[in-house]
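K.L.:
Using the hints, position chain B against chain A.
2 protein chains.
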Amino acid sequence: MIDRGTRPIEPWQLRETQLPLDELAQAESLFALSNGHIGLRGNFDEGEPYGIPGTYLNSFYERRPLPYAEAGYGYPESGQTLVDVTNGKLIRLLVDDSPLDVRYGVVNAHERCLDFRAGMLRREVDWTSPAGKRVKVRSKRLVSLTQRAVAAIEYVVEAVDEPIRLVVQSELVANETQPRLSDDPRVSAVLESPLQAVSQDSDAEEVILAHRTRASGLLMAAGMAHLVECSARMEQDVDVREDWGRHTIICELKPGETLRVVKFLAYGWSGLRSETAVTDQVSAALAAAKFSGWDGLVEQQRDYLDDFWDAADVKVEGNPELQQAVRFALFHVLQAGARAERRGIPSKGLTGAGYDGHTFWDTEGFVLPTLTLTVPDATADALRWRHSTLQLAKDRAAELGLKGAAFPWRTIRGQECSGYWPAGTAAFHLDADIAAAIERYHAATGDDDFIQECGLELLAETARLWISLGHHDRRGKWHLPGVTGPDEYSAVADDNVFTNLMAARNLKTAARMAARFPDDARKLGVSVEEEATWRDAAAAVYIPYDEELGVHPQSEGFTGYAEWDFEAWKGRYPLLLHAPYFELYRKQVVKQADLMLAMYWCGDEFTAEQKARNVDYYERITVRDSSLSACVQAVTAAEVGHLDLAYDYAYEAALIDLLDLHNNTADGLHMASLAGAWTALVAGFGGLRERESGPCFDPALPGGLTGLTFTVRWRDVRLRVKISPDEVTYDVHDGPTASLAIFHAGEKIFVKAGTPVTRRLTPRKPLLPQPVQPIGREPLAAFGRTLGDRGTS
Amino acid sequence: MIDRGTRPIEPWQLRETQLPLDELAQAESLFALSNGHIGLRGNFDEGEPYGIPGTYLNSFYERRPLPYAEAGYGYPESGQTLVDVTNGKLIRLLVDDSPLDVRYGVVNAHERCLDFRAGMLRREVDWTSPAGKRVKVRSKRLVSLTQRAVAAIEYVVEAVDEPIRLVVQSELVANETQPRLSDDPRVSAVLESPLQAVSQDSDAEEVILAHRTRASGLLMAAGMAHLVECSARMEQDVDVREDWGRHTIICELKPGETLRVVKFLAYGWSGLRSETAVTDQVSAALAAAKFSGWDGLVEQQRDYLDDFWDAADVKVEGNPELQQAVRFALFHVLQAGARAERRGIPSKGLTGAGYDGHTFWDTEGFVLPTLTLTVPDATADALRWRHSTLQLAKDRAAELGLKGAAFPWRTIRGQECSGYWPAGTAAFHLDADIAAAIERYHAATGDDDFIQECGLELLAETARLWISLGHHDRRGKWHLPGVTGPDEYSAVADDNVFTNLMAARNLKTAARMAARFPDDARKLGVSVEEEATWRDAAAAVYIPYDEELGVHPQSEGFTGYAEWDFEAWKGRYPLLLHAPYFELYRKQVVKQADLMLAMYWCGDEFTAEQKARNVDYYERITVRDSSLSACVQAVTAAEVGHLDLAYDYAYEAALIDLLDLHNNTADGLHMASLAGAWTALVAGFGGLRERESGPCFDPALPGGLTGLTFTVRWRDVRLRVKISPDEVTYDVHDGPTASLAIFHAGEKIFVKAGTPVTRRLTPRKPLLPQPVQPIGREPLAAFGRTLGDRGTS
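Chains A and B are the protein sequences, given in the same order.
Each residue of the first sequence is one higher than the one before, counting from 1 in UniProt numbering.
Each residue of the second sequence is one higher than the one before, counting from 1 in UniProt numbering.
Warning: the hint list may mix true and false statements.
Pairs count within a copy or across copies, as identical chains cannot be separated in the list.
Below 30 angstroms or equal to it, Euclidean Cα-Cα: the simulated DSSO-like pairs (lysine-lysine) are [unchecked claim]:
no.	residue 1	residue 2
1	Lys722	Lys748
2	Lys611	Lys477
3	Lys748	Lys570
4	Lys722	Lys570
5	Lys315	Lys722
6	Lys477	Lys570
7	Lys523	Lys403
For the record, the hints were derived by calculation from the structure and aren't laboratory data.
Next comes chain A alone, as it looks inside the complex (with noise of 0.2 angstroms):
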């Protein structure tokens, strides 16, 4: 964990004062630059030291043999993995006779800031070298959300106290030397030199490099073109290899005298189009880039912000380090999100290869709500992305022995990757996901043309799967045995709760838009019978429920199984490095909400003392060593009347990479815990849920907020949402005829732009005390509840 207090809390930033060389890889992956189609991890400019390096491309993957002990019938024989493709980040600094390197000399200062406004991140070193030479650098970075192939770089050197000769050179570097990070499965495939070089082209203006991957034959191209302001006398050079290219400009500043670089980087890949196409994209990127200029780049970046932040800013008062965690995390939820096009937003966006850079049910489960209000065309596009895998996926069941799609646990391209089917395959419950995702979507949207384009086709395929998964049992009761839920401590179980209600719900959407779509549904060749057997299997669905203790069991004969030890356990978490799955699977120990989120997607199919109940009896047993839970609990707490254990837990889902909760922060950010702290207050303190019929909210704060204001985006229209620790408003934007009925404690209401409508909250009176959790495994007190814990954690 990183200590608290390092870093101070500002609003609309996240800025580092001090340089501890143990945590460069955290501070990488905070200080990352994404659109969701480039990824830069916050490396220095000169390139060491590093942490981990990293430059992404958006499914820009290689191939790799997945191995097995014993193999099986439908393993998947190769897995993906998101290449470190090449560097153009990289601007070096000779100093006189000394390289720019934090780790020598004397670092007189040193900052480093991600501006959440600007959509930039400006570092500024003053350095003196070993040999006495003192510099200036102040550098700026962006990646460009207008211009999806673009970034920038600005890099200003200036001499402080005598005349010094400097010699930049700014790189393309492809194939970097990777570290060899941990045995952490979790942690990404190292892959050595995954890229063969193609053709090298370079004038006085720009260098471009194409490189292929070995394995999965994808190209690519990197260039850049440069633009030098110096007052001094000043010579340049261009030299290009295989694997490199170098821009050099060599000067001699007096005191005060600066030198400007301005670096234009552009990418782009394929795994269609020629060399020539591909480079030639790259080489129109950069003058368009060129065209804009340094100061363009920065304006567009500004205005796109602007936007964005006018629709999605979460205004957090009575926690400022809460405030500073959400926007943190809205910033990161945004890049990966953005300008993904038609591509997966991966676990980790494109802030680190952690989990091989893949796309896991993080995405439609937890990214995708929050871009659904505030960015609501990314999550049209990520499920695009999924649509256009549907064929691999419907390839996948008919391997499986299924009917419809069986989407990939773990994907970059949208081949199943997962290399143990217990916890991959077997949780089909993200096909469910998906389908929810598409009812989220159309729900606040009312985007018709969306499920008419593929939103309907993918309801259909997955319904189709459940259909072949589940079977009926003597008395006519709808069964899905043996599969595997949200809880990775549990695999393999018969008639999960949330998965056999998410089916049930995915099965139900999938009739309904059939329904309404007929001509559609008939091309998909969904006849009204087989509607109908959709809707029979979900009327018919069995959810398990253990009478005697009035909980439901997460799934049949979860509550008969053994308790864990958690005092025996105490301080070795997470588990699954220190306990065998099966130990872990046959007992009563929960890793992440899966009940719990089953009455937060599917809370109209429990009452409010079975809520009570079930979150007073998982608490005391999840544990929590997967980053998707705790914004669940957060949503769940907060229902159930448990006001501040939610705001912990919406603490810890806002913090988790700031405070780097988990430990492999350093291997990238975790999108779901960050997309889920939206989640945690929105839903949690907002009381959001959505429906068809439009926005529900029941608000309620914890003590230590004194008010929490959100917009959401429900049919074009942006509702403003203001909670004081007693009442709401709701305001709607967009013009002096915008409107919207929105539900307030079941109470519908219509609000009209310009008269905003207050309502008293409903007191929240939890029907049981509040629980306590494992031993050692309670959410980290949101610093707002608990003064004066401050950097004691």
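P.N.:
Okay, now just chain B, sitting in the frame of chain A:
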């Protein structure tokens, strides 16, 4: 499958007179010789052509890494593979200019014969070289059952029509080229050149090569010495290199003249002792072999086998094919276990390296029950081997967070080598199978010393495992969730009936033996309190039962699973090569006897009606993709009165390798099924059940059999049981004072030497009609039962 009818049906030998080159590997397994320490596949003397070359030393293995696409806590990191050691079988023959190779020239006659009473493989070949030179070769090969380190070959060449110049090269060859077999995970991992040369020693008398395995560091030595007789002029030469030794004999024979070479082979290995010690040991074994001479070895072999057959023979009247098969089976089971002497008995004996040469529960569950009543000392030694691995099993349990000992699912040396935990590590029933083997051995022998030496410790440590695996529910019932039973088409299920009953039996036996030997128990740290926990858990064991169907679900919930679509899967067996595990696990399809095995081994826990109903239910869904099933189904079918069905299963178990029913006899014989053929007859039609109070019988013969006679050893007495269609006669041997208390159909009888007792058979009336099996998975109809189908299967 091998065509029926290619080999003559003869009671005491297996003979081939044809030479189908595409069935070489199967024949090499069938004609393999072994004494449990040395194993020689039935490769031709001249080495080629071969299917799979194979020379094995029990437990001489190489280590290899076990790879995982996704690693997990507690996964074994290295596996063990039986090594094809230095081949001493090789005797190459040059006939003028042509090497004798049956793929060239003309084979005028070929015959190989495995003689069950002589314990010898005889071969005769009459061959004309491509150049027209004709020779007759007669070879005899044995692996000595009396001199454990020794094998020997008598090789006689005769010139037939004209003078011939012969060169005989008798060799030792290490690191033979291995064929690449298949991607089937059941086939041994092929190791290339696993042996590193350590030393070579040769003189005119003998050659000894010593090698060490690269990774496991085991040292082995192989030696050869020759006796050469020839009336013609002859020269000899000895040459040696790192990986081979060669004894060359050159002579010129006139028609009718012969060259006779006797080759003595000796092997030794050690993981501890020095090269000098091991090569000296081999040299000593060679000296002893030469001292006995060829005729002496042959005579000792015959005496050993006369003694074996006197106490173990099964006489089958009415089906000569089954008669031959059961003697073939007993001969190979003897070969696998006779001189293993505190080494494991691998699932394929030493007839091939299939399953990496690993030992599974096949040993305690299937092979030892047969050896216990025929060669009880071999059972004691096999259990002593388990005991020698106890510390490893305790370490494994500790690694898994359990108490007691967790014996490995598959191993050579004792470490877990299973790379897929749901079907390996989770199959904890192995512990109970070991305990039951100890219990059976003690019942049959009354060997208290063995219990005190190591049996009690094994019982106690396995009991401790069960206590740490199980737990009591709120109502006080004792459960074992999340374990895997015998059926490999189910895994990680709750309360598997077999496992629960066997665990309870393990606990009860441990408590009983601890109470019987209290001083020994105290030395092992077993208190009276601990014994009580064992008894209490056993008494509280939960056994699921489906009241509505009136059958036992194999595991909790099993009878509610979807039915398998046998019609759709017709022709795609074994299913594991065509369906993913998750699909097999979640449906009602059974690979092998599981509940039916529970009914055999824990028969007192079921009523007769339950047995009949369970057989009826499980027969319909059991596909026998495992070789461990037919023999058990024979016993349960016989018990509930389906004697004809039992007959078919007994036949299938016995002929599994002679007809290559599983299409993998090439990789080695199925020892469990071969031993199970004996069980099918003795426990099935003899009705034998072993109890502390004495052996219980309740014989009944199926329609096709006119008589069945077998002998079992019980407490140093040989009891002969002679069954005719109407009556049974019990008779004891071993001196005039021998007597034994037995049970016949519940009646206690004292049988005294010289006074045979005869009883009428109890008619066997089935409660239900004979069940059908899954389409296409009916057992092979026994030849004796369905005359006329010979050669059509």
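K.L.:
Take the hints in turn and mark each one as holding or not.
P.N.:
How the hints compare with the structure:
1. For a Cα distance limit of 30 angstroms, the shortest separation of lysine 722 from lysine 748 inside one copy, 18 angstroms, qualifies, whereas the shortest one across copies, 89 angstroms, does not.
2. In this homomeric assembly, lysine 611 and lysine 477 come within 30 angstroms of each other (Cα to Cα) both inside a single copy, at 23 angstroms, and across copies, at 29 angstroms.
3. In this assembly of identical chains, the alpha carbons of lysine 748 and lysine 570 never lie at most 30 angstroms apart, being 48 angstroms within a copy and 59 angstroms across copies at closest.
4. Neither within a single protomer nor between protomers do lysine 722 and lysine 570 lie at most 30 angstroms apart by alpha-carbon distance, with minima of 41 angstroms and 65 angstroms respectively.
5. For the identical chains of this complex, lysine 315 and lysine 722 are intra-copy neighbours only, at 9 angstroms inside a copy versus 92 angstroms across copies, given an alpha-carbon limit of 30 angstroms.
6. In this assembly of identical chains, lysine 477 and lysine 570 lie within 30 angstroms of each other by CA distance solely across copies; the values are 28 angstroms between and 41 angstroms within a copy.
7. When the C-alpha separation of lysine 523 and lysine 403 is checked against a cutoff of 30 angstroms, the pair qualifies only within one copy, where the shortest distance is 18 angstroms, while the shortest distance between copies is 60 angstroms.
Hint violations for this structure: numbers 3, 4, all remaining hints satisfied.
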